[in-house]
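So the protein lines, in turn, are chains A and B. Heads up, the first sequence is in full-length UniProt numbering, so the first residue is 1 and it goes up one at a time. Heads up, the second sequence is in full-length UniProt numbering, so the first residue is 1 and it goes up one at a time.
None of these hints come from the bench; they were simulated from the model. Owing to the predicted nature of the structure, the values given are computational and were not obtained by experimental measurement. One or more of the hints may lead you astray.
Beta-carbon label-pair distances, calculated as ranges [said to hold, decoys possible]:
1) B:Val46 with A:Ala290: 36 to 46 Å
2) A:Ala36 with B:Asp246: 30 to 40 Å
3) B:Leu56 with A:Arg116: 17 to 27 Å
Computed footprint of chain B on chain A; a stretch qualifies when at least three of its residues, placed anywhere within it, have a C-beta under 8 Å from a C-beta of chain B [stated by the list, open to error]:
4) 90 to 101
5) 162 to 171
6) 264 to 275
No residue lacks a Cβ here, since even glycine has one placed at the ideal position from N, Cα and C.
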Amino acid sequence: MTAPRTPRARRVPNGVRSAPYGFLLPAAVLFLLFFALPIGYALWLSLHRIDVQGLGLGRGARREVWAGLSNYTAALTDSELGHGALRVLGYGAIVVPVMLGLALLFALLLDTERVRARSFSRLAIFLPYAIPGVVAALLWGFLYLPDVSPFHYLLDRAGLPGPDLMDGGALFGSLANIAVWGGTGFNMIVIYTSLRSIPAEVYEAARLDGASPLQIALRIKIPMVVPSLVLTFFFSVIATLQVFSEPTTLKPLTNGISTTWSPLMKVYNDAFVAGNVYAASATAVVLALATFALSFALLRFANSRAKHRGTR
Amino acid sequence: MSTTTPVAGRRKAAPAAGTTPGTPQGPPRARRTALLPTAALLLGAVYCLLPVAWVLVAATKSGSELFSTFTFLPGSGLADNLSDLGSYRDGIYWQWMANSGLYAGLGAVLSTTVSAVSGYALALYRFRGREVIFNVLLAGVLMPPVILAIPQYLLMAKADLTDSYLSVLLPLILSPYGVYLGRVYAQAAVPSELVEAARMDGAGEWRIFLRIGVPMMSPGLVTIFLFQFVAIWNNFLLPYIMLSDDGKFPMTVGLFTLLAQGSNTPALYTLVITGALLAIVPLIALFLVVQRFWSLDLLSGAVKS
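Bound conformation, chain A alone (with noise of 0.2 Å):
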């Protein structure tokens, strides 16, 4: 109880002094049991494994041991989490600036003066948010399906050969299309809010010294969305990573998904299906150390961008 602000914090009741406590214990107490219990269990689980005696049979056949790292070697050395990595990874190198490029594009079209139908557009485009993903990747799964999809359809029609959208490179692109449409509209919104915080004067100045609304676009609004920019990057980067339901949904319709897609799923397979929870915790105790690694990593350059353009 050091109390920085002196003058008043001696007047300050004890009441005042507990309540913020009180006010916090519910959170306190969730966070304990169902975010830091479970983080520590996994990394205890990461670091043991069964060992089974005989049969594997009885009571005292089967026993946590001591494993040290080697749950931990095994899953960086696990070709499988690679390419599920690698496979994630070209997944994200297309949803994340095509979805970001929509929703900034979307967000400078609603700002644009005399557009007309902009409430329907705006509201159009978020609609998907609300939409579940498993149901999302249902829904354009059978758009994808060749007996069922409209594309089909009319290619058929046309007489020329359907893509199989759900096999080998086609695939990526049509995962990616599933999160670009689930997501262009939330970022559209954070950034077209960004966009409405800019006051007007700095507009009407910029079109006195004769610049078009493409200039003004280019110059102005972007540059004064860029720390909402950084923020919507930084979540479609993590949830990308951790992409789950919608090749887990897609599965059932297609061959071109295996059970360990993307890292998470075989974390999943891992767990419950093999059910060899310890690799699974280590594994996925290495995903949440690469994600917060590159989280940090992102922040930093996100604050050495904003401190460069603070000196200038």
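Chain B: place on chain A using the hints.
The following block gives chain B in isolation, referenced to the frame of chain A:
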């Protein structure tokens, strides 16, 4: 839809009115629609509405029509599809919907409450460890759900709670992003002078929160509620891991299992499609109904701070 227009138009209106007479373009151009941007926006709207339009049409088709007629041609089987879906396994689909409503409704109420008290405390009090608590909570946003889900499942199993409603409900109550939004709204909406004044009048801290904090934060709380409702309604991974009794499934997991079975029996496809249509109706309805009470802008209120 119209309720958001004045907000969107407020800033635009001022410069437009001021510049029309004086600018070189003159009045006729100023009133003309910007065709290209409008067309591009409508194209985006069509792209986003396409799968929804498709499912609306596809749900009207009978099993044979689904594979034989042009996809955007309405079929004749909507009533049959609905009754088939309703009678499938004694109406388990409605059970899934009710479960989703329960998880999302109760979960969002609890989550909003926790976010509100925590956000309020973090915004309006100065106390030791405030920033540490805030940052630790916030780090939870970055934690991949699977990483939490495996040990959460094992711990729930130890507590004999797996395959129960609680196993899906409890882990979702604390939402780091909800706490973050709660803090942002409390900071923006509740003046600390007012809290001080109430304190002078002898009101207790809890009373101040209920009488001053909650009413002033309420637009933000509606946003947090919706955000959590959507997040829980859309959640797949946690119930997928926790539950094995399909009577407790939420709609997402139920539809997924139906689709997985459907890949062997295409007759189930019409059920999946009709189910998907019904699954998106409640959320779209919710959005349209509560639109007047909240603003999309609040969702991104995070960026401005």
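Hint-by-hint comparison with the structure:
| no. | hint | result |
| --- | --- | --- |
| 1 | B:Val46 with A:Ala290: 36 to 46 Å | holds, 38 Å |
| 2 | A:Ala36 with B:Asp246: 30 to 40 Å | holds, 32 Å |
| 3 | B:Leu56 with A:Arg116: 17 to 27 Å | holds, 25 Å |
| 4 | 90 to 101 | violated (count 0) |
| 5 | 162 to 171 | violated (count 0) |
| 6 | 264 to 275 | holds (count 5) |
Going through the hint list in order, the structure does not satisfy hints 4, 5.
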